[in-house]
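Novice: Spelled out, the chains give:
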Amino acid sequence: MDDVLETTINTLAVGGLYALIALGYTLVYGILRFINFAHSDVVAWGGWLALSIAGVFGWTAAGGAPAIAVPVVLVLTMAVCAAMGVTIERLAYRPLRKAPRLNVLITAIGVSLLLQNVGILDGVFGNKPDTIRPLLANSVLGEVGAVQLRLYDLMTIAVTIALVVGLERLVYGTRMGRAMRAVSHDERTAALMGIDVNRVITVTFAIGSALAAAGGILFALRNDLRLTADASWVLLGLKAFVAAVVGGIGNVRGAAAGALLIAFVEVFVHRYVGAVFADKPWVSQLQDIYVFGILILVLLFKPSGLLGKAAVEKV
Amino acid sequence: MNLRGWHAGKVAGLVLVLGALALSSIAACDQMGAKKSGGSRVQDTGKGAIKIGHYGSMSGAQATFGQSTDKGIRLAIEEKNAAGGVKGRKVELVTQDTAGKSQETSIVVTRLINDDKVVAILGEVASSLSLVGGPIAQKEGVPMISPSSTNPDVTAVGDMVSRVCFIDSFQGFVAAKFARENLKLTKAAVLYDQSQAYSAGLASDFKKAFTELGGTIAAEQAYTGGNLEVSSQLQSIKGAGAEVVFLPGYYSDVGTIIRKAREAGITVPFLGGDGWDSAELAKIAGDAINGNYYSNHYSHEEARPEVQAFVKNYQAKYSETPDGLAALGYDAAMLLFDAIERSWPGDGKPIEGKALAAAINSTKDFKGVTGTFSIDENRNAKKSAVILEYKNGVPTMAARIEP
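Here the protein sequences line up with chains A and B, keeping their order. When we follow this note's numbering, the leftmost residue of the first sequence carries the number 1, and every step to the right adds one. When we follow this note's numbering, the leftmost residue of the second sequence carries the number 1, and every step to the right adds one.
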């Protein structure tokens, strides 16, 4: 029972991380119908920027950070990344708004490579792995049976829930959210109704990148900082993207649900299916294949995603 | 192939052109000295500086590997040049960055050979990349010495490729022997990186040696380098009741994994290979690193005069303590100079690849920083290993294990 609880907590925490990142993919896709390949690099930059910002305050030494450190760093990093996302959209994607989708897609890959390689320069983040854990120790908050409830896990879950609920409120409860949905539904008609489409797109990128920054910080606390050019960020982004597609890309609740499903397959199935086949290690080594297997199944039987609506292509 | 619609004349003409091309390329090969037979190639002019190449991960996830190796090589070159060079000729180093990626590796190795015209190549650290560079060096007939790739297959590509380090089967044996005989433990778990040939190879060598020495493997788990959400793997290991965990990964992953393992309540020692050898490991793992062991090529605390001189000069030049990779880079370069001195007749004659490789492969009792060693018939170095233990965040010598 303890084991199941521990696995559940892990699933929720990993799922929360995927959800925060998946939301960025899903928001941008929902509005612009294109996959922002540079999104996972904004996540990586979020993690590293948190380290730089903490360094500015002198909070990088072990035990040297006050309790206020994490909220301050989180908010500042989200703000910087939001500005970064808006700038990327303004400089790289907006000039191509009328161009074929493929051009934007290739540009996104270019932006991704740029961010990866600028990040490892000596004057930027450098090319040695690092850690932001001095900001906050992973202390034990309590015990249930033999399971220790750790701060990082609970914080990841709490921050994710807060941000997803906040986003949900924004999209379905405010004028800006209504404008976003209108642009998503039909950009030209929305513009004719007096909606400032550029402003909506700017806000979308700002929100997506701020969520990416939060995901980056939580990821870095759990897994430390690998170089911005490391393939692990791309893999993280890919899994979050799969989560967004599985849940129904363009759908906020879908992204969260997809993320939980992917995390469930990764952690839960790995733990228990692996244990059943303990003498056949390859069963659990296929972890990543199960994740992408889910993607294939969903695309085969419900191409619009678990919570997505089937859209009729207008010709 | 469908030839209808083609004029017979056109086909004949095409065959003629292709034939002529083939003939001229064979002739070109002859001129370059039987390149096809994996044989020799003359890159050198016999005058001026001797150019040697180094390909390594100067950037990327394992950046400290390439950087340390490069520093070791450069120190060796500086010392050699200060002492008058190799038979009067200065040595010049060309370093190419692989960024730890295989596609980059094949490009930069080809560039070292064709553009930079180096007489010999040093590199890579990662076995998976030496397995990319080695076949190119073999095909082109340029000797390659890997300073620190420990996967057995690396030197199996042919007579041009050798190494100055021991191989994984020995490193796996060393770790198993240390766990069984020094720590006196009987139940081990294995957690390895399935995306790295180095890690997977070391894991299977450890398992084999550990069971042969009378131990049992309680759990076997794998992760993919970079994906450090390993909670379910750690839970399985914890449940299996292992007394020691063999974790033959690279430092960039190992630090985080050990910290997570301690938080998950795994208190037994971790044991690793030379992939742990980086100052970054202690920084990332924090206090969790203490009490864990890894096998390595040398310890900077050894009293041998070669070690002490090397550590002193290295600290003077770079203001840091050399790790094992720096020592191996230094040894690889010094062994190469030694082989050039033995095989090159001098007198303005060019240094020739095949003769140089033969000299490298017949090295006997070379006194290096990482020990006194010979190159065996499989072009691997026969030498002992050390086990280091992390104490207060610093690796300290725990044992020396002989072959």
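Keep in mind the hints are simulated off the structure, nothing from the lab. Don't be surprised by glycine CBs; every beta carbon is placed ideally from N, CA and C. Be a bit skeptical, because a hint or two may be false.
Unchecked claim - One-sided and incomplete, this derived list gives chain B residues near chain A with beta-carbon spacing under 10 Å:
1. Q67
2. G100
3. D115
4. D116
5. Q221
6. N227
7. Q233
8. Q235
9. S236
10. G265
11. I284
12. G286
13. G291
Novice: Please list, smallest to largest, the hint numbers that this structure does not respect.
Specialist: 3, 4, 13
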